[in-house]
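Chemist: Listed here are the chains, written in short residue letters.
Number of protein chains: 4
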Amino acid sequence: MAEAKKSRSGKNSAQVGVLGASGYTGAELLRLLLRHPKTEIKALTADRKAGQAMAAVFPQFAQFDLPKLTTIEEMDASALDLVFCGLPHGTTQVVIKELLEKQPELKVVDLSADFRLSDPLAYENWYGHAHQAVELQKEAVYGLVEIYRDEIKKARLVANPGCFTTTSILAMVPLLEAGAISPDDIVIDSKSGMTGAGRAAKEQMLFSEVSEGIHAYGVAHHRHMGELDQEFSLAAKRAVTPSFTPHLAPMNRGIYATHYVQAEGGTTPEQMHKLLAEFFKLEPFVQVLPFGTVPQSRHTRGSNYVQIGVIADRMPGKAIVISTLDNLVKGASGQAVQNMNLMLGYAETAGLEQIALFP
Amino acid sequence: MAEAKKSRSGKNSAQVGVLGASGYTGAELLRLLLRHPKTEIKALTADRKAGQAMAAVFPQFAQFDLPKLTTIEEMDASALDLVFCGLPHGTTQVVIKELLEKQPELKVVDLSADFRLSDPLAYENWYGHAHQAVELQKEAVYGLVEIYRDEIKKARLVANPGCFTTTSILAMVPLLEAGAISPDDIVIDSKSGMTGAGRAAKEQMLFSEVSEGIHAYGVAHHRHMGELDQEFSLAAKRAVTPSFTPHLAPMNRGIYATHYVQAEGGTTPEQMHKLLAEFFKLEPFVQVLPFGTVPQSRHTRGSNYVQIGVIADRMPGKAIVISTLDNLVKGASGQAVQNMNLMLGYAETAGLEQIALFP
Amino acid sequence: MAEAKKSRSGKNSAQVGVLGASGYTGAELLRLLLRHPKTEIKALTADRKAGQAMAAVFPQFAQFDLPKLTTIEEMDASALDLVFCGLPHGTTQVVIKELLEKQPELKVVDLSADFRLSDPLAYENWYGHAHQAVELQKEAVYGLVEIYRDEIKKARLVANPGCFTTTSILAMVPLLEAGAISPDDIVIDSKSGMTGAGRAAKEQMLFSEVSEGIHAYGVAHHRHMGELDQEFSLAAKRAVTPSFTPHLAPMNRGIYATHYVQAEGGTTPEQMHKLLAEFFKLEPFVQVLPFGTVPQSRHTRGSNYVQIGVIADRMPGKAIVISTLDNLVKGASGQAVQNMNLMLGYAETAGLEQIALFP
Amino acid sequence: MAEAKKSRSGKNSAQVGVLGASGYTGAELLRLLLRHPKTEIKALTADRKAGQAMAAVFPQFAQFDLPKLTTIEEMDASALDLVFCGLPHGTTQVVIKELLEKQPELKVVDLSADFRLSDPLAYENWYGHAHQAVELQKEAVYGLVEIYRDEIKKARLVANPGCFTTTSILAMVPLLEAGAISPDDIVIDSKSGMTGAGRAAKEQMLFSEVSEGIHAYGVAHHRHMGELDQEFSLAAKRAVTPSFTPHLAPMNRGIYATHYVQAEGGTTPEQMHKLLAEFFKLEPFVQVLPFGTVPQSRHTRGSNYVQIGVIADRMPGKAIVISTLDNLVKGASGQAVQNMNLMLGYAETAGLEQIALFP
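Residue numbers (our numbering), protein chains in the order written: chain A, 1 to 359; chain B, 360 to 718; chain C, 719 to 1077; chain D, 1078 to 1436.
Honestly, I wouldn't trust all of these hints.
Ranges between beta-carbon positions, derived for each pair [unchecked claim]:
1. A:266 / C:783: 56 to 66 angstroms
2. A:132 / C:842: 53 to 63 angstroms
3. C:728 / B:406: 33 to 43 angstroms
4. D:1130 / B:424: 52 to 62 angstroms
5. B:538 / D:1129: 45 to 55 angstroms
6. B:424 / D:1351: 54 to 64 angstroms
Simulated from the structure, these hints should not be mistaken for lab results.
Idealized CB from N, CA, C, for every residue including glycine.
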């Protein structure tokens, strides 16, 4: 473990800010950071709720003495070591660009999609406009710790991956890298809890619209596909475009991704399992279950853990790989803290050791 | 519409019995039959709850004057026109054999899996023992109305299909029959509500075990695969073994099946949509939504309707076909009543016109 | 049963319109009216969604040929017999006033709170402004069928009661009228499903804000109290102001009201039960369960039925009276159809015989 | 803070066992103890699941090296400092009696109801049989920390209170002690999540039996009343028998108790609020919200915190006091750890600082 860097303020703890603190990933960051041994929360912004106390926005923080919510403009970043940026896609790149121009030593973990695609053309293709901070786009490191740990340690700007993509990259990249599965026959059927859709007041997110039923959405055009293509292609060393369909399930938390794969080069499902188990053997947060075991999303709820299962399909050469995690923790804020830990030289697991809350 | 057959009792209405009335499909049969214009419920059995009033077992029937629950032995079937059989798999075949030996004119709609597979070897393969009523197995008609309507009208014994299989057969069989999709590349990712698992008291069905999460089960060995193989192979005129993975979602009702298919012979997704729309054009209970529309399971809740959507995947030649229905209605008891209507010469939609309960 | 009045159009069926058809009570009206033997839906309005097809707003109606949603101004009411008005509180009174000025023969069932309080001062007190259609306020009949059946039959304008109030009036009014309970010691702890809060996109109604938890709201100032005071006082023949606390439970449908009462004049809980059983003995939609039986909200789901239970508390003279119904059916749209049936001379139960959907 | 007692084994950490580890309170104990800085889990028993690994029973513990589940007979308690006893009511008293005869120095936190009532007659009255360990019954301390902190520190056997009772005692006892409310007019309407009913496989606890609805249970005869009577009477210094009705809400965790109280001696609701705020001012786990604020159960989920709100009812002299907590944490296992901390001389909040998981 590298020595922890001294904080800019000279203090023992990192001084951090959270931009966009009134959403679910913001609340989840606070839940983790308030119990982190090495951070102090010094700034919280939330444009629409500026001026309010955090306890009014999220009453579970009633007992804590937290900074008031401010606008981004009102925030004083000069003494901060690191900011988490949980702003909407699109506006983020401008905000971060301005921040880093003023405070080049600041470290940033961005939870939006703005810096996840490294190719400006791919970005333009998926988001419909040219990137407005191309230099930073080049600099940004894709923050999937289990794949890019070393790069993250040295990074100033980390693009925290999406929840769907984290789930599927962890399950597929080791198999693609090893040439164990056919890159052309990957079907990903993914199911997400409702917090993945955020806290904006939309009719289609009301309790009565989404409870007691399930449905697919963004079929064939969900933006997380851009990230999957990028990381799968890097792993396979050629262009890969998996079939990916996200579904909304009536639960608060959890991504549950069922991957249907076809063996390449005669790899058996047991060998796929072994490859994954080997790949993650030393990882603190990824558990490859015994061969044939089917995971459940609820067993990762509230924790930074990922569970992966590999099951042989009944047709030779076909396997089903299932991975699951909590979209707000390992799929967002937990992974962001894991990135922060690496960037600031802390123990990677600091503040992230909560065990899943089940039931 | 054929003339309604006269009931054996000479009455205007059919005299029906429900074997296994204390489970969820039993309750759902009662909900439908009590408002059916042409049936009278004359016998209800439930071995473990024999002697109880139906209102004690299902308080929603408090206002109805229903027969007490009895054992099967206590039931007098001599004046019945038709029985619905909602008994556990395995014991059913013996019970029905004995019933029909005593009452050869009785009609039977069996909701168990006992008579769904027409091939004795396939049955033995999936269920682990030789069929104990092979003659009846030959006689039984597979009760998927939209495919076997004419045979059902003449049948004495109808094997009501499973909920997963109804959902996927309706979506896939028209495409397989038309040679529009590759039989070797079908991936079915299916999600079921909890009532599909029945009312038996099992730890893994408790509220706190299954709410707030999702998981696959029976991966690569769920028995409904036998039915899928049978019907898909008949449609494709060669052996088909799809990949099929059922999941349990935290909701009461609904099957939501996402089918990943590969075009054959250059068929476009739009053409697949047209084929399905054409196939079901006159069907009262199957709605093919406009091309590109994604259905939601909740919009069929409590109704006998099926909704099907076809969406082009982003890779040429690939499409996503989604079908959804209420597992207790079109997936079980509604389809059973639809079968009864055909067998007794009633209007096919009689007693089945409830509109989905949403929200 | 009175002879059904002939419809204004001379047709066999009543021509009806639904103002505010894009909300949950609107959808529920359609679910019932589409299967009603004597009504034709001729107009549907929804200001924000005018121009859309009903199937786009509520996909469960995909198979029906329904009028497009229009603004109220665009609606032609000249051939209508009756309109259901599901508009927001406050604006309703102006809309209905204008409608009835133009079409004095039109009948109206209003689902808002605008005409429920008969006393202009009480209205002003609870709603903060003077009533803008005082003459109509005088004319309006409170549409709780089991209490005001005769008045409703003759009414032109019926104020459909609130869901909380229907639940508690049915449980309490017979006991207050009989002098069986103390008017000063009524505590009502009521629990509602989420559809009671409507379909407007508000942060506090999002799935993740209201699932997996429960909370009270509107404590000590919920507007339904005005209705309770009015009807309880009429029954007790003196001013009654019960303690009433509504809660939101993580379910779609259902009101579950637990009433804590104190006997008056030595009435025993058994006698209270008998009084209620007697009062509702001939009512098609109210079921008083055997003494000591505790109802469950789910056993009325999707139906127009009410279930009432009476249980002796452990302290002499105290009893617990529990009533439950589906807030969208007997608590709103079902009761509205029941009112329509009376106003138009149809069988009171027409279109309302669905049995509860459980599970 | 008293000096931590040295563990019997001479180790730095307490060696603890959990009897009845396969239920929900058992799992919750493990979740907390595995992250407790001062405990080592040395024994786990579960009669029906003896021989299994804990990870098979609760897969969220997959990454931990835990003792196998054994029977109680197989457990070696000789090196243990403390056991948590999560066995069924009734059998517990015999098991603990035998344990303490063999190991008189062992400390015990009992989560069953067996030692909560100090009066043998009250016990017999509520449980239908004479207590079988009367001496221990006398010795046991009622483990509600905020009321009996000093006694708990010195105790060998602590009776961990019930979840309903903890919730209501915290809200009512300070007011009763101060003479601020009438002891004869307390109505408690309490709502519980499903985990309060345990993990035993019972039909009435299946997902489809309890989701999408709410109902009261144990009306007028729930055993927690015995505890309420005992503690309320002690506080009021005379016999108190509140009206108490528990309800089951479709959620996993949470007790939400709405208390309807009548002022005594002219106390205003504001004064009641002040009394409570004062009483709990230094308590680490009890938060009295600003006057008029309504708490929500979800804001305590997964944490050991209690939130209390006081609201004036509209009738003078009446108030509504709402308290809420997580039944598995402060209502069971969290409080058990809090008791352990006091009994072993650890910081009271050790291992209990998790912030509520919302959403």
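Chemist: With reference to the structure, classify each hint as holding or not holding.
Modeler: Here is how each hint holds up against the structure:
1. Distance hint for residue 266 (chain A) and residue 783 (chain C): a CB-CB separation of about 57 angstroms, consistent with the stated range 56 to 66 angstroms.
2. Between residue 132 (chain A) and residue 842 (chain C) the beta carbons are some 55 angstroms apart, a value that agrees with the proposed interval 53 to 63 angstroms.
3. For the pair residue 728 (chain C) and residue 406 (chain B), the supplied restraint of 33 to 43 angstroms is violated, since their beta-carbon distance comes to about 58 angstroms.
4. Between residue 1130 (chain D) and residue 424 (chain B) the C-beta distance comes to about 53 angstroms, which sits within the given range of 52 to 62 angstroms.
5. The beta-carbon spacing between residue 538 (chain B) and residue 1129 (chain D), approximately 51 angstroms, falls within the hinted interval of 45 to 55 angstroms.
6. A C-beta distance of roughly 59 angstroms is found between residue 424 (chain B) and residue 1351 (chain D), which places it inside the suggested range of 54 to 64 angstroms.
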